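Protein chains in written order, with this note's numbering: chain Z, 1 to 290; chain C, 291 to 580; chain V, 581 to 870; chain W, 871 to 1160.
No lab work stands behind these hints, which were simulated from the structure alone. Errors might be hidden in some of the hints.
Quick list of in silico lysine to aspartate or glutamate cross-link-like pairs, EDC-like style, CA-CA up to 16 Å [as the list claims (entries may be wrong)]:
(1) K1069/W with D1091/W
(2) K736/V with D1091/W
(3) K156/Z with E494/C
(4) K446/C with E204/Z
(5) K2/Z with E148/Z
(6) K235/Z with E1120/W
(7) K287/Z with E649/V
Quantities reported herein were computed from a predicted structural model and do not represent experimental measurements.
Number of protein chains: 4
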Amino acid sequence: MKKVGFIGLGIMGIPMSLNILKKGFELTVYNRTFAKTIGLTQAGAKAVKTPLEVAQESEVIITMLTGPEAIDQVIFGKEGLFSALTDQKYLINMSSVSPTYTKELAQKLEPTGVKFIDAPVSGSKKPAEDGQLVILAGGKEEEVKGVEDVLLAMGKKVVYCGPVGQGSMMKMAINLLLGVMMAGMAEMIHFGQKGGLSKETMLEVLYSGALNCLLFQLKKDLFLEENFTPQFPLKHMSKDLRFVFQTAQETGAVIPEATTALQFFRIGEENGWGDEDFAAVYKVLQKMIS
Amino acid sequence: MKKVGFIGLGIMGIPMSLNILKKGFELTVYNRTFAKTIGLTQAGAKAVKTPLEVAQESEVIITMLTGPEAIDQVIFGKEGLFSALTDQKYLINMSSVSPTYTKELAQKLEPTGVKFIDAPVSGSKKPAEDGQLVILAGGKEEEVKGVEDVLLAMGKKVVYCGPVGQGSMMKMAINLLLGVMMAGMAEMIHFGQKGGLSKETMLEVLYSGALNCLLFQLKKDLFLEENFTPQFPLKHMSKDLRFVFQTAQETGAVIPEATTALQFFRIGEENGWGDEDFAAVYKVLQKMIS
Amino acid sequence: MKKVGFIGLGIMGIPMSLNILKKGFELTVYNRTFAKTIGLTQAGAKAVKTPLEVAQESEVIITMLTGPEAIDQVIFGKEGLFSALTDQKYLINMSSVSPTYTKELAQKLEPTGVKFIDAPVSGSKKPAEDGQLVILAGGKEEEVKGVEDVLLAMGKKVVYCGPVGQGSMMKMAINLLLGVMMAGMAEMIHFGQKGGLSKETMLEVLYSGALNCLLFQLKKDLFLEENFTPQFPLKHMSKDLRFVFQTAQETGAVIPEATTALQFFRIGEENGWGDEDFAAVYKVLQKMIS
Amino acid sequence: MKKVGFIGLGIMGIPMSLNILKKGFELTVYNRTFAKTIGLTQAGAKAVKTPLEVAQESEVIITMLTGPEAIDQVIFGKEGLFSALTDQKYLINMSSVSPTYTKELAQKLEPTGVKFIDAPVSGSKKPAEDGQLVILAGGKEEEVKGVEDVLLAMGKKVVYCGPVGQGSMMKMAINLLLGVMMAGMAEMIHFGQKGGLSKETMLEVLYSGALNCLLFQLKKDLFLEENFTPQFPLKHMSKDLRFVFQTAQETGAVIPEATTALQFFRIGEENGWGDEDFAAVYKVLQKMIS
Chain Z
1 MKKVGFIGLG IMGIPMSLNI LKKGFELTVY NRTFAKTIGL TQAGAKAVKT PLEVAQESEV
61 IITMLTGPEA IDQVIFGKEG LFSALTDQKY LINMSSVSPT YTKELAQKLE PTGVKFIDAP
121 VSGSKKPAED GQLVILAGGK EEEVKGVEDV LLAMGKKVVY CGPVGQGSMM KMAINLLLGV
181 MMAGMAEMIH FGQKGGLSKE TMLEVLYSGA LNCLLFQLKK DLFLEENFTP QFPLKHMSKD
241 LRFVFQTAQE TGAVIPEATT ALQFFRIGEE NGWGDEDFAA VYKVLQKMIS
Chain C
291 MKKVGFIGLG IMGIPMSLNI LKKGFELTVY NRTFAKTIGL TQAGAKAVKT PLEVAQESEV
351 IITMLTGPEA IDQVIFGKEG LFSALTDQKY LINMSSVSPT YTKELAQKLE PTGVKFIDAP
411 VSGSKKPAED GQLVILAGGK EEEVKGVEDV LLAMGKKVVY CGPVGQGSMM KMAINLLLGV
471 MMAGMAEMIH FGQKGGLSKE TMLEVLYSGA LNCLLFQLKK DLFLEENFTP QFPLKHMSKD
531 LRFVFQTAQE TGAVIPEATT ALQFFRIGEE NGWGDEDFAA VYKVLQKMIS
Chain V
581 MKKVGFIGLG IMGIPMSLNI LKKGFELTVY NRTFAKTIGL TQAGAKAVKT PLEVAQESEV
641 IITMLTGPEA IDQVIFGKEG LFSALTDQKY LINMSSVSPT YTKELAQKLE PTGVKFIDAP
701 VSGSKKPAED GQLVILAGGK EEEVKGVEDV LLAMGKKVVY CGPVGQGSMM KMAINLLLGV
761 MMAGMAEMIH FGQKGGLSKE TMLEVLYSGA LNCLLFQLKK DLFLEENFTP QFPLKHMSKD
821 LRFVFQTAQE TGAVIPEATT ALQFFRIGEE NGWGDEDFAA VYKVLQKMIS
Chain W
871 MKKVGFIGLG IMGIPMSLNI LKKGFELTVY NRTFAKTIGL TQAGAKAVKT PLEVAQESEV
931 IITMLTGPEA IDQVIFGKEG LFSALTDQKY LINMSSVSPT YTKELAQKLE PTGVKFIDAP
991 VSGSKKPAED GQLVILAGGK EEEVKGVEDV LLAMGKKVVY CGPVGQGSMM KMAINLLLGV
1051 MMAGMAEMIH FGQKGGLSKE TMLEVLYSGA LNCLLFQLKK DLFLEENFTP QFPLKHMSKD
1111 LRFVFQTAQE TGAVIPEATT ALQFFRIGEE NGWGDEDFAA VYKVLQKMIS
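Please put together the full structure from these sequences, using the hints given.
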């Protein structure tokens, strides 16, 4: 079985790497804060002190990090993994980044010959724990096939989206709709309340009809208690919609709903609600007329 | 069992009245085009030639019509049902209209003493046939209780929304989100295509995640074939969002997503796509940059 | 010279009727609050107690009122002027109302044969005092010509806009741009301040370039002192843009800037700033991120 | 008198450098396409073959280029001026760029000690020819004072806006309003036409009232003839509003009108109208419902 390396043990990275172990892969892990590797080593992983060592030990190297800066650091930084990349190895970036960044990264990696795949995921903490993520893969089709066993250790499904960058593009397309739907739900509740309806009754109707979906169910208590403990932080939604907007500026796509949503999420951030759940966009609407 | 009257045998009215019959209620029906009553009389209903006769024959009178004009006609027009209304009878308007119209209607009906309930539905043709509608009821709570047996003949659930007008208000709140979600789905597909993704792959991912809902599934073939045969006509969505907008102007609610959506549905109508499905809002986005 | 009647002695009506007097026309005036007629009678006008008497005394009757309700009252109400209208008389409505209302009014007046002209004005208090209004006239062209002497007593220019209703349509077109420009100026100042520029410097640059106009100059002190004493109340701008929006819904015009502006003026009203100057839309932007 | 260098002889650069000559300054010029220097040398300037030579010959070096790439090229590229910069010299960037780029550039220049000023202009070709530009200067106040004689050779006024970057910030604030006003004018004409008004009549009214400004006058023939020969190309407006949007994302400013305008200018570009005047945003509105 393939030797796998995993870099980035955050909320998503820990359950994802545990699932890789469970499927019997040999696993080497690295995290900037070394303490976070303990759970993994107890479960059978080997923890190392540098990204470079991960790459030396592994055929398939996975990065699951917060953004371009962190990724650049583990690849090109001091004791980064760059020098250990070869055309016999795979590098899979599962972090959420823009297609533009992904393509630039691919270009920088090209001289090493490494098989580079961009594979962000659809799904958050719970599906990650249950190995039920949907994996959005961009790269050469045969290379994606070549690591399907590793990817399916973490997810229920691998969707091939096209060349490198298209995994990120798909993630953005989904997140466009995610942002619009969340803003829409907040708007429905705000509108209904101004019209004299109760939140409870609105949610009851919403959950009984054709618009009902897991996203809306997950937000039930947040709206009822107006306590926006983060499932997906508002500042991340704001960042993702900013990527979407920039991409649309480049491709010429017309995205009025997403652009409107971005503005309201951004206002939420400016009000200091960036670390609350993105459903807190509701508070922006409420504040405007309070 | 109560004697029921049903006025308006359209796409929704026919299956709804058939379900009333099936539950054993005695049913009198009226439709402007008399021919449409045939299916009902074969199933055991009595067809009459005027709204007035419906009201004379029935304790519970239901209207399911296209809008204010048609409703005013059957109530206040020549041989309308107004003169037969008494405080022993119920009048249930299940047509989709604005809360403002509903409250005005309630005022005009007040002198008759009739128990007036506004009860639009959530759900379209299929749930109507299966008796699985969700019924959004506004009126006095005990009066809504008093016709629950009739309402449950048509739906799986009656949600009490508040005084007269609040059924319509709830319908608008739901339709606000409906419009935003449809515009959002169209935008996702448009955006993804401009970025090189295929519609098939996007839908596959959409249907695998937390945003998946019946609405999006129902639109699958429409998007894949770009054939927008109407399930819910775009012009109706446009009209409903116009109600939503007017209501928000009155209540002061802030509804940026719905307002953006309204503009694009309205453009769709202006392009002659009002009788296509409201998913055809996708064509507005495509056209703008073609 | 023609005998003129003037109904509605508000901020605009007083200077307008004074200018009619100055040009030597015989003038009869009416105002709901009789006290307001004093200045006019001192200047030589005759004050009467009912709209009907105005119409009986005059060949040219002018209405300058707050809106449809007030207009309906003086025309169709008790002792209204309706019964005195003949095909020998002119009725000129100079109040700002929607084209739809204007056309409905024209229809109701038709049986009297009265020559009906809709003639809202461009310009506010100061140009009214100076007789420098621009008068936007809708009606039959020869009938507009027939009262040009009276109109030019109040304004520097009569612009013929088309059949009845087109005066109001022109007024709305101008007010669309007025609303967008005011919202734009507020946005510029808000944006610049967030970027570290001073209001004084921004206004200096604005007044030195191609965007400089009387509107922006009139708002200088309001912005510098953040004291939005009304020149043109925000609630009127909100109402006018609502007319614009409704008209666009009917004609199919695409008005994204005006629709965005309407939403922000409406929020200003909801915050209790309806009676401040419409430049107070600036406070909406400031509040959202404070 | 100071020895001045001018780099970038485009539509703006040529009249600006001619005005410097006229005031008696010794002038060295450089342009990538050497042929464009001919008019200047005939008027008394010295043309050189590299940016480096300009810097070697001059105490005050001015750049007036199309954007960051061109600027980086003349400063840091092969035979760029970087190596000749000293704390005895001034470098004035008059090109329109973002505050972010300006601040980054200032940092890179710091080691040389050069007195760096950012000084974009308000005004286009005609005011440039007449020496009537308004110059928006950012930098140390005493350094801006130190080159006021040179700046006033080109403009009627130097407005001190704050530290380096604030000249660009001011330019963006003005261009925000420029974009909104142009989109608003287009919308007014589109709206009025759909309502049956003629373009001629609307413009007559517009030019008679408080909204009248040079910008709108300059666009008269473009709208009447629907021939959008560029005065200010649409793609530049689109780019400037993109800067504005990005800056607002950073500062947290709320700019709904400008964001709406950006979307419509961007659609214009996507339709191939980027090289037409930015008034062609009117064609976007027309196309949407044609």
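Ascending list of hint numbers which this structure does not respect: Of the numbered hints, 2 and 7 do not hold.
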